[in-house]
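Protein chains: 2
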Amino acid sequence: MVRLKGFKERMSVDLALRLFLEVELKKVDSEYVSVFDACGRIISEDIIAKIDVPHFDRSAVDGYAVRAEDTFGASLTNPVILKLAGEVEIGEKPCELKQGEAVKVSTGSALPKGANAVVMLEYAREFDENVEVYKPVTPWENVSKKGEDVKAGEVVLKKGEVLQPQDIGIISALGYSKVKVLKRVKVAVIATGNELVEVGEKPEVGKVVNSNSPMLCCAIKEFGCEPLYLGIARDDFGELLEKIRKAVEVADIVTITGGTSVGKKDIVPEVVKKLGRLIVHGVAMKPGMPTGLGVIEGKPILLLPGFPVATLISFYTFFPEILARITGIKIVAKKWSVVRAKLKRRIPSQPGVRTFARVLLKEGLAEPIRTSGSGILTSMIRANGMVVVPEDKEGFEEGESVEVILIRDLIKDS
Amino acid sequence: MVRLKGFKERMSVDLALRLFLEVELKKVDSEYVSVFDACGRIISEDIIAKIDVPHFDRSAVDGYAVRAEDTFGASLTNPVILKLAGEVEIGEKPCELKQGEAVKVSTGSALPKGANAVVMLEYAREFDENVEVYKPVTPWENVSKKGEDVKAGEVVLKKGEVLQPQDIGIISALGYSKVKVLKRVKVAVIATGNELVEVGEKPEVGKVVNSNSPMLCCAIKEFGCEPLYLGIARDDFGELLEKIRKAVEVADIVTITGGTSVGKKDIVPEVVKKLGRLIVHGVAMKPGMPTGLGVIEGKPILLLPGFPVATLISFYTFFPEILARITGIKIVAKKWSVVRAKLKRRIPSQPGVRTFARVLLKEGLAEPIRTSGSGILTSMIRANGMVVVPEDKEGFEEGESVEVILIRDLIKDS
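Chains as they are written, first to last, in my numbering: chain A, 1 to 414; chain B, 1 to 414.
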C-alpha cells in the first residue's frame with residue numbers, strides 16, 4: 001500500500017563504470033605546443049633522444065684540462081709541471097692539447113682535443129707560462145662525457161606523463177622546441193532547473209543561485225581540462241534538447257547538473273535517451289544516487305545530481321574514469337593523499353551503498369561532520385577529509401582506524 | 001700553497017633565508033576576478049556571508065508539506081487524512097498552508113507558509129483531493145532550514161586559501177559573482193652565459209641549449225605565478241645590467257640562472273650589487289651551492305646555479321619562502337607527499353651541507369640514483385623521490401629508514 005518511489009535500478013559504482021566503459025567513445029586528439037607552454041600537459045608520444053646530452057665532452061669543474069697520464073706521480077712535494085697552452089672559455093670551440101700541456105677550463109667548457117681529464121683549480125697553480133699539478137687525475141676524471149646524461153636513441157619520457165619542470169628541461173636539451181601533447185579535453189557544463197538564477201543575481205524566495213556551474217568548472221580545470229559553460233536550461237524538453245545537442249557538438253564530454261532524479265521535472269534522462277543512449281541511471285552511492293551515464297554520438301554524458309555535495313562527489317567518482325577512457329591514458333591530475341586516522345564517532349551507512357562521509361581530521365582523529373544532507377556545501381569546507389564506506393560494510397565504528405582522503409591541505413595556519 | 005677557490009661565505013640554508021627575509025620587500029596587490037576564473041587562486045580577504053544559505057526554508061525530500069502537529073498519531077493502520085491544498089514546484093513562490101492541509105513539494109521546493117515539516121512520498125498516498133499520511137513527522141523534519149548551510153555574518157573562508165571547487169560553490173551561493181584574490185605574481189626568467197643558444201637551435205661543440213628557462217617557467221607556473229621569459233644575456237656587464245633593470249621593472253620576483261659562481265664570467269652578483277643589494281652569495285647546500293639572494297628596488301632577486309638539477313633544487317628551496325614573504329600568505333601550491341622508506345645504498349654527505357639526493361622508490365626501498373653531478377638532469381627524471389640529508393648528519397646508512405619527498409607520482413603503468 002505504501003508507494004515506494006525511486007530508481008528501478010540502483011547500480012553499484014563498479015558495475016556502472018564497467019557497463020559505461022564498454023561503450024565505444026570518441027577519442028581525444030593530440031597537438032603540438034611550445035616547450036614554454038607544455039607545463040602540466042600530458043605527452044602523447046614517447047620522447048626519444050635524437051642526440052647525445054651533453055653533445056660534447058665537457059669539464060665538470062673549474063681547472064686545467066690535461067692528459068691524465070701526464071699527471072701520474074704528482075704530489076704536493078713533487079708537483080708535475082705542465083706547459084699552459086691556453087684557455088677554453090665556456091661556449092668556445094675547444095683547442096688542441098699535446099703531451100705535457102695543460103689548458104685552462106671552466107665548468108662546462110668543451111674539453112680540448114687530446115685531453116682526457118681535468119685537474120681541479122684547488123690542486124694546481126699557475127706560474128709564468130706553466131701549471132704546477134699537485135695531485136694526479138685518472139682518465140676521464142672531472143669530465144662530463146658526451147651522452148652521459150642522455151644517449152641518442154634512448155627513450156627519455158613515456159607517453160602519458162604529466163610534464164613537470166625537469167621533463168621540459170630535458171625535452172628542450174634534446175633540441176625540441178615543441179612537444180606533442182593531448183589536446184585539452186573540452187567539457188561542457190549545463191545546469192538545469194526552473195529554480196536557478198544566474199551567478200550574481202539575487203534569488204527570490206524559492207529560487208537559488210546556480211553555484212554548481214562555477215564550482216564544476218573549477219573541478220574540471222583541476223583535471224587539466226577546459227570547461228565550456230553553456231548556461232542554465234529550464235526544465236523544458238525542447239530547451240534542454242537544444243542545449244545538450246549543442247554541447248555534444250562543441251565538447252568532448254558533457255556534464256549536466258540537476259534534473260536527473262525521477263520527479264516529473266527530471267527530464268534530463270529522457271532527453272539523453274532521445275538523443276542517444278542512457279546506460280546508467282541511479283547509482284548505489286550516497287550522496288550521488290541520482291547519477292546517470294549516457295552516450296550521444298560517441299560523446300560521454302555525465303548526469304550529475306543537483307545538490308552540490310552530491311554533484312562534486314559524483315563528479316570525482318566518474319569523471320577521472322571517463323577521462324582516462326577517452327584519452328587512452330590514465331591521468332591523475334587531481335590527486336589526494338590518503339592518511340590513516342581513528343574515527344571520533346561512528347559513521348553509519350546502508351549496506352550495498354558506497355557512502356562518502358565528510359570528516360574533520362585533527363591530531364590523528366577523524367570527526368564526521370554533522371550535516372543534514374548533500375545540500376550542505378559547507379560540509380565540504382569545514383571538512384578536510386573524506387571517508388569512503390565500501391558497499392560491503394555497515395558503517396565504521398567509533399575508534400576504528402580508517403583511511404581518510406585529504407580534500408584540503410593539512411598545512412593551514414589554524 | 002694550494003690555492004683554495006670558492007665562496008668566502010657559505011651560509012646555511014636557514015641562515016640565508018633568515019637574513020633575506022628580514023629585508024623590506026614590495027608586497028603583491030589583490031584583484032577581483034569572476035568566480036568562473038577564481039579556481040586555484042588565493043583569496044586575499046575573508047569571505048563573510050551577507051545572506052543566509054539557503055535563504056528560505058525548503059523541503060529536503062519529495063513529499064507533502066504539513067503542520068507536524070497534524071500528523072501526530074498517524075500509522076499504517078490508522079492514517080491521518082489531510083486535504084491536498086496544492087503544490088509548490090521547485091523555483092515557485094510558496095503558497096499558504098492551513099491546519100489540516102497538505103501541499104505537495106519536491107526536494108528544494110520552498111516550504112509553504114504555515115508548514116513546519118515534510119512527510120516523505122514513501123509514507124503518504126494521494127487519493128481524490130486528500131492525502132493519507134502513514135507516519136508522523138516531528139517539527140522541522142525533512143526541512144532544510146534558512147541559514148542551515150551558512151548563516152549571515154559567518155566567516156566562511158579565510159584569506160590565504162587556495163580556492164577549490166567547493167569554495168567557489170559557496171562563494172557563488174552567497175551571491176558573489178567576483179572574488180578578491182592575490183594578483184598572479186610575475187616572475188622574470190633570465191638566463192646568462194655565452195655558451196647558451198636558444199631552445200630549438202642546434203648548438204655547436206661548446207655551446208648548449210638554454211633548457212633552464214622553459215624548465216623554470218614550468219616550475220613558476222606550478223606555484224600559480226606567471227613567468228616572464230626575458231631571454232638569454234651574454235656574460236657582459238652592460239647587457240646583464242639592462243636585462244635585470246628591465247626585469248625589476250616588469251616583475252615582482254626576478255630569477256637569473258647561471259653566472260652566479262665565482263669565475264671571472266660570473267658577473268651576475270656584481271650586477272646585482274651595482275643595482276641594489278646582494279644579501280646572500282654561496283649557500284651550504286648540494287647541489288645548489290652557487291645560489292644568491294639579492295634585492296633591487298624592493299624586488300627579490302633569486303640567483304640560481306646554471307646546472308639544471310642545481311637550478312631546480314635551489315628554486316624549490318628558496319622560491320616558496322620568497323613568495324610567502326611578498327604575498328604575506330603562506331602558499332603551498334606545489335606540494336609533495338612524504339613517505340618513509342628504507343635506503344638501498346648509503347647516501348654520503350658532507351657535514352654542514354644540506355644534501356639533496358635523488359632516489360628511485362620502489363616497493364618500499366629507496367635506491368640513490370648514481371650521477372656524476374648536478375648537470376645530469378635525467379637524474380631528476382629517473383628518480384621519483386628526493387632524500388634530504390640535513391646539515392648535522394654525515395649521510396644516511398644503507399638500510400636506514402628515511403623520509404622520501406615524492407617528486408613524481410607513484411601511480412604509473414610501470
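Heads up, some of the hints might be wrong.
Claimed, not checked - Here are the simulated DSS-like pairs of lysine-lysine, each with C-alpha atoms no more than 25 Å apart in a straight line:
| hint | chain 1 | residue 1 | chain 2 | residue 2 |
| --- | --- | --- | --- | --- |
| 1 | B | K265 | A | K93 |
| 2 | B | K274 | B | K26 |
| 3 | B | K98 | A | K202 |
| 4 | A | K146 | B | K202 |
| 5 | B | K93 | A | K202 |
| 6 | B | K362 | A | K159 |
| 7 | A | K186 | B | K178 |
| 8 | A | K221 | B | K178 |
| 9 | A | K158 | B | K178 |
| 10 | B | K26 | A | K178 |
| 11 | B | K159 | B | K186 |
| 12 | B | K330 | A | K202 |
| 13 | A | K202 | B | K178 |
| 14 | B | K330 | B | K26 |
| 15 | B | K202 | A | K93 |
| 16 | B | K202 | A | K113 |
| 17 | B | K362 | A | K202 |
| 18 | B | K186 | B | K83 |
Said to hold, decoys possible - Pulled a few chain B residues facing chain A out of the computed Cβ check, cut under 7 Å:
| hint | residue |
| --- | --- |
| 19 | F56 |
| 20 | A110 |
| 21 | G114 |
| 22 | G169 |
| 23 | S172 |
| 24 | F237 |
| 25 | L365 |
| 26 | I369 |
| 27 | G373 |
| 28 | T378 |
Derived from the structure by calculation, the hints contain no laboratory data. Here the structure is a predicted model, which is why all the values come from computation and not from measurement. Every residue gets a Cβ at the ideal spot worked out from N, C-alpha and C, and that includes glycine.
Here is how each hint holds up against the structure:
With a CA separation close to 17 Å, the supplied pair B/K265 and A/K93 stays within the 25 Å bound. Distance hint between B/K274 and B/K26 is fulfilled; the C-alpha atoms sit about 19 Å from each other, no more than 25 Å. Proposed proximity of B/K98 and A/K202 is contradicted: the alpha carbons are some 29 Å apart, above 25 Å. A hinted pair counts as satisfied when its Cα atoms are at most 25 Å apart, and A/K146 with B/K202 qualifies at roughly 16 Å.
Under the criterion of a C-alpha separation no larger than 25 Å, the hint pairing B/K93 with A/K202 is consistent with the structure, at around 15 Å. Simply put, B/K362 and A/K159 have alpha-carbon atoms about 21 Å apart, close enough for the 25 Å limit, and the pair holds. Taken as a hint, the A/K186 and B/K178 pair is honoured in the structure, with Cα atoms around 24 Å apart against an allowance of 25 Å. A threshold of 25 Å between alpha carbons decides the hint, and for A/K221 with B/K178 the separation of about 18 Å falls inside it, so the pair holds.
The straight-line distance between the Cα atoms of A/K158 and B/K178 is roughly 41 Å, outside the 25 Å bound, and the hint therefore fails. Straight-line distance between C-alpha atoms of B/K26 and A/K178 comes to about 36 Å, which puts the hinted pair past the 25 Å bound. For the suggested pair B/K159 and B/K186, the alpha carbons sit about 20 Å apart, so the restraint of at most 25 Å is met. Simply put, B/K330 and A/K202 have alpha-carbon atoms about 34 Å apart, too far for the 25 Å limit, and the pair is violated.
About 14 Å separates the Cα atoms of A/K202 and B/K178, which keeps this hinted pair within 25 Å; it holds. As the CA atoms of B/K330 and B/K26 are separated by approximately 16 Å, the hinted pair is consistent with the 25 Å bound. For the given pair, B/K202 sits about 15 Å from A/K93 by alpha-carbon distance, which is consistent with the 25 Å threshold. Under the criterion of a C-alpha separation no larger than 25 Å, the hint pairing B/K202 with A/K113 is consistent with the structure, at around 21 Å.
As the CA atoms of B/K362 and A/K202 are separated by approximately 55 Å, the hinted pair breaks the 25 Å bound. The hinted pair formed by B/K186 and B/K83 fails the criterion: a straight-line CA distance of about 66 Å is larger than 25 Å. Against a cut-off of 7 Å between C-beta atoms, the interface hint on B/F56 holds, since the closest Cβ of chain A lies about 5 Å away. Contact between B/A110 and chain A, as hinted, is supported at the beta carbon level, the nearest pair being about 4 Å apart and thus within 7 Å.
Below 7 Å, beta-carbon pairs count as interface contacts, and B/G114 has none with chain A, the closest being about 14 Å; its hint is therefore violated. Checking B/G169 against chain A by beta carbon gives a least distance of about 3 Å; that is within 7 Å, so the hint holds. Look at B/S172: its Cβ gets to within about 4 Å of chain A, closer than 7 Å, so that hint holds up. Because the smallest distance between the Cβ of B/F237 and any Cβ of chain A comes to about 16 Å, over 7 Å, the interface hint for this residue is violated.
The interface hint given for B/L365 is broken, as the beta carbon of that residue sits about 21 Å from the closest beta carbon of chain A, more than 7 Å. For B/I369, the interface hint is violated, the least distance from its beta-carbon to any beta-carbon of chain A being 12 Å, above 7 Å. Among the interface hints, the one on B/G373 holds; its C-beta lies about 6 Å from the nearest C-beta in chain A, closer than the 7 Å criterion. Here the hint on B/T378 is kept, as its CB sits about 5 Å from the closest CB of chain A, short of 7 Å.
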